[in-house]
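**Q** Listed below, chain by chain, are the residues.
Number of protein chains: 2
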Amino acid sequence: MNVDTSVWPPRYDPTYRPDPTADFWFPELECLHPGARDALILDKLRRQVAWAWERSPFYRRKWDAAGVSPATLQSLEDLAKFPVVQKAELRLSQAAAPPYGEYLCIDPGEVVRIHGTSGTTGRPTVFGLGSEDWGRIGEAHARILWAAGIRPDDRVLICSFFSLYLGSWGALCGVERLGATAFPFGAGVPGQTLMAVEWARELKPTAFYGTPSYALHFAETSRREGIDPRTFGLRTLFFSGEPGAGIPATKRLIEETFGGRCVDMGSMAEMTPWMTNAECRHRTGMHLWQDLVYTQVCAPETFAPLPFGAEGTPVYTHLERTSQPMIRLVSGDLARWTDEPCPCGRTYPRLPDGLYGRIDDMFIVRGENIYPSAIEDTLRALEGFGGEFRVIVSRREAMDELLIRVEYAASHADPARQAKLSATATARLRVRLGVHPVVELVPEGTLPRTEFKACRVIDDRDLYRRTLQEVRR
Amino acid sequence: MNVDTSVWPPRYDPTYRPDPTADFWFPELECLHPGARDALILDKLRRQVAWAWERSPFYRRKWDAAGVSPATLQSLEDLAKFPVVQKAELRLSQAAAPPYGEYLCIDPGEVVRIHGTSGTTGRPTVFGLGSEDWGRIGEAHARILWAAGIRPDDRVLICSFFSLYLGSWGALCGVERLGATAFPFGAGVPGQTLMAVEWARELKPTAFYGTPSYALHFAETSRREGIDPRTFGLRTLFFSGEPGAGIPATKRLIEETFGGRCVDMGSMAEMTPWMTNAECRHRTGMHLWQDLVYTQVCAPETFAPLPFGAEGTPVYTHLERTSQPMIRLVSGDLARWTDEPCPCGRTYPRLPDGLYGRIDDMFIVRGENIYPSAIEDTLRALEGFGGEFRVIVSRREAMDELLIRVEYAASHADPARQAKLSATATARLRVRLGVHPVVELVPEGTLPRTEFKACRVIDDRDLYRRTLQEVRR
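Protein chains in written order, with my numbering: chain A, 21 to 493; chain B, 21 to 493.
Be a bit skeptical, because a hint or two may be false.
Heads up, the list lumps identical chains together, so a pair's fine if it works in one copy or across two of them.
In the SDA-like style, the derived pairs of lysine to any residue whose C-alpha atoms are separated by at most 20 Å in a straight line are [stated by the list, open to error]:
hint: 1; residue 1: K440; residue 2: G407
hint: 2; residue 1: K107; residue 2: A394
hint: 3; residue 1: K224; residue 2: A85
hint: 4; residue 1: K224; residue 2: R111
hint: 5; residue 1: K224; residue 2: Y120
hint: 6; residue 1: K440; residue 2: L461
hint: 7; residue 1: K440; residue 2: L96
hint: 8; residue 1: K101; residue 2: A394
hint: 9; residue 1: K224; residue 2: R143
hint: 10; residue 1: K224; residue 2: A117
hint: 11; residue 1: K107; residue 2: G352
hint: 12; residue 1: K107; residue 2: E122
hint: 13; residue 1: K440; residue 2: P47
hint: 14; residue 1: K224; residue 2: A115
hint: 15; residue 1: K224; residue 2: E245
hint: 16; residue 1: K440; residue 2: I379
hint: 17; residue 1: K440; residue 2: E245
hint: 18; residue 1: K440; residue 2: T241
hint: 19; residue 1: K107; residue 2: E196
hint: 20; residue 1: K224; residue 2: A116
Since the hints were made in silico from the structure, they are not lab data.
Isolated chain A (complex conformation) (with noise of 0.2 Å):
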């Protein structure tokens, strides 16, 4: 095998590449017998949470308060003793240690990549990777790409924005390890979408990675230039950001518009080598590819792991990060989990219907996660903000469209110091969600209050609802 797993972390071959017409790339792992992979799992397990423990102030007060420590971690049962760890801890523990927090175990000098969250519940989260990670999750991205049915004859058409956003660079970074033809097209900037499509006229790319939304997006504007696309020829589509892909009735939308197989992926950027949870070409829901990234499928309230055929919220542990290593950090999605085999031979668990629901408050727009909180935050800072909103999402051209419902204080009846509000509330909340929001005012007392955040959200795309009637149908 082309991988050293005697040593910790694993030693990759950078050359390695498997036939065209294997399926594929480690068999040896990807194929292997579930309880021999939970021994690989535990050694893995002990030396990453070793490694976190030696060089983490964050990870040896956390544990050392709950009473653990490396040794507790007899067999892999015993993981969940260790405590999870929530992203509002992350952020405090950069507020307390700029930039990467007390949870970089590498020195600073060592990084090689900065990326980030945008921060839309307050502090943005910074990302530092280092040479030899950046490097892993290229053979991780290629690894799993391969699974879904991309070859190094492919060329990937990459629109989704090149910037803090992890999600590009992590696809790049695969297709690159793989050998394909990357063609990093980016997304974001006005006129952009109507330039990547008379690009992919031009080029025929064989695979497309983006949102689901911007997928269609991308088709309405090919269409509207008269080209129907199907005819740029993608073979594969694959997706993270958003959990479109993992809906059947989008899946479905996707694989017609395009005419070729549309692949659900993705955890969080924090846990990058994020493509872990992805489905094969058979899509099947995705595929928890546990030897890299170990996912537990846990209870929202005690984080136990719950058995296969159970819903829970997923609970993600590195195993092979020296960097900012995740140990149990809780995604706050809604899925269920099965160990039912799937055609590709592949004796991973599986996510059957995705990520189709959040435990919590927070949606996604356009692949951010915003949180009512931020904007409610953002709010109350300003002069003559009313005391209420409401959020309302919708989709317009298959974009997500984000509009803000916004009072103004009774001393704001001038429409020039309106016009200073709405300005100034949608340039600070552009900021702080990392997404363009339209903002709308309305006088102080019009919008009914509420006790609970969620309910300040109105989401016209209706994307959980509908999964969630076609998961429990």
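Fit chain B to the known structure of chain A by using the hints.
**A** Okay, now just chain B, sitting in the frame of chain A:
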């Protein structure tokens, strides 16, 4: 030495990195006696030309017609016998043999990266780069960034758009190879500059890459937030895409604004590694890194090489590019060259005043090359165009603004038809130019007719004029 130049293309040791205190990446090459360097260049040139001759119908035809072949190259002087390549020829070749043209000298399946220009002169140009070329671009850029003063402990904020544009990707590739921390933030989306400022405040980058005009926009945005740009602690700011960083007044302004070194770089996207025109940390004008790309400053009409001291247009020749090698590509820029020594000790010739003008009517807006002919071509295809237009380039808050004053036909007196014309013109020009223009309609016959395309452009920024005055004073 950690590069084997006895083979072609040369073989670099990807693990090599000099001691951080070293002044040079490859002192043996950078400080070589010019005569000895010429022998090395001739050797590389012969193999580069033979490579293109054997694999490219484009070059074979062109050179056959001119009566030259690899055997012609008995000395470096013989290169002048080879006909120059104009950008228009590349577009024609790509139209005839899409997408890469008949000068792709590797198998299309070996292309690992696609980039391009947005095609302001009509057809976009497609860049297809091979995996080994991409590695060598990293080697070249790391070595040149080292000369600019970048070291592995630097944190480099990259504020330019990650899409077709090779500038951003080339900068990233060099930073990665050098082992510094890359923070590829990007640019171009509304509100992004404010976010970049907030991230810079948090992460304290030590180096910056972008266009000069974007750096000044970034500084103004900082000041509006109450942040003195000097407090970021930027030691080095390096630039390409615009002539600004080579203009003494702009260089002074950038250095005073940020308190760091302003380093001018950049040849052409076609010539990537585009950093082979680059200043060292002494900022005495761009060195021509002749053993990577062989540059001759030539007479603008005959393209005969000129002696040191003369003004002409740089003509570039790749020396280690296998994918789309350029042999005598005409830049169209205007520069003066010299072999006077630089305090750094490198023995390369220099462009002491940078690239300060054009031999044609091209102008640059936000890093995009724009030809008046492309604007004319787009407008003439529109129903309702009144026959004449003017281009006004100005700078608002340090960002270039492109205003296009367009006549509407007498048939379009109706405001609704005008609104449609305006919207269509804006959208089509945006796609064609890669820059968002402001379109202003005026009645047919308002604008004086002109015979000369250049007279249609009013450049309020006066970048080139100011430099020419400074140079010739």
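**Q** State for each hint whether it applies.
**A** Hints, one by one, checked against the model:
1. K440 / G407: For K440 and G407, only the intra-copy Cα distance (17 Å) is at most 20 Å; the inter-copy one is 41 Å.
2. K107 / A394: within (14 Å within a copy, 50 Å between copies)
3. K224 / A85: neither (56 Å within a copy, 34 Å between copies)
4. K224 / R111: Between copies only: 18 Å across, 42 Å inside.
5. K224 / Y120: between (41 Å within a copy, 12 Å between copies)
6. K440 / L461: within (11 Å within a copy, 29 Å between copies)
7. K440 / L96: neither (57 Å within a copy, 65 Å between copies)
8. K101 / A394: neither (32 Å within a copy, 66 Å between copies)
9. K224 / R143: between (41 Å within a copy, 16 Å between copies)
10. K224 / A117: between (47 Å within a copy, 14 Å between copies)
11. K107 / G352: Within one copy only: 10 Å inside, 53 Å across.
12. K107 / E122: within (14 Å within a copy, 52 Å between copies)
13. K440 / P47: This pair counts as neither: shortest intra-copy Cα distance 61 Å, inter-copy 58 Å.
14. K224 / A115: Answer is between: at 15 Å across copies they meet the 20 Å cutoff, but 46 Å inside does not.
15. K224 / E245: within (16 Å within a copy, 45 Å between copies)
16. K440 / I379: neither (37 Å within a copy, 47 Å between copies)
17. K440 / E245: Between copies, since 17 Å is at most 20 Å while 38 Å is not.
18. K440 / T241: Between copies, since 18 Å is at most 20 Å while 34 Å is not.
19. K107 / E196: Classified as neither: same-chain Cα gap 30 Å, cross-chain 29 Å, threshold 20 Å.
20. K224 / A116: Close across copies (16 Å), not inside one copy (49 Å); limit 20 Å.
Violated hints, in rising order: 3, 7, 8, 13, 16 and 19; the structure is consistent with all others.
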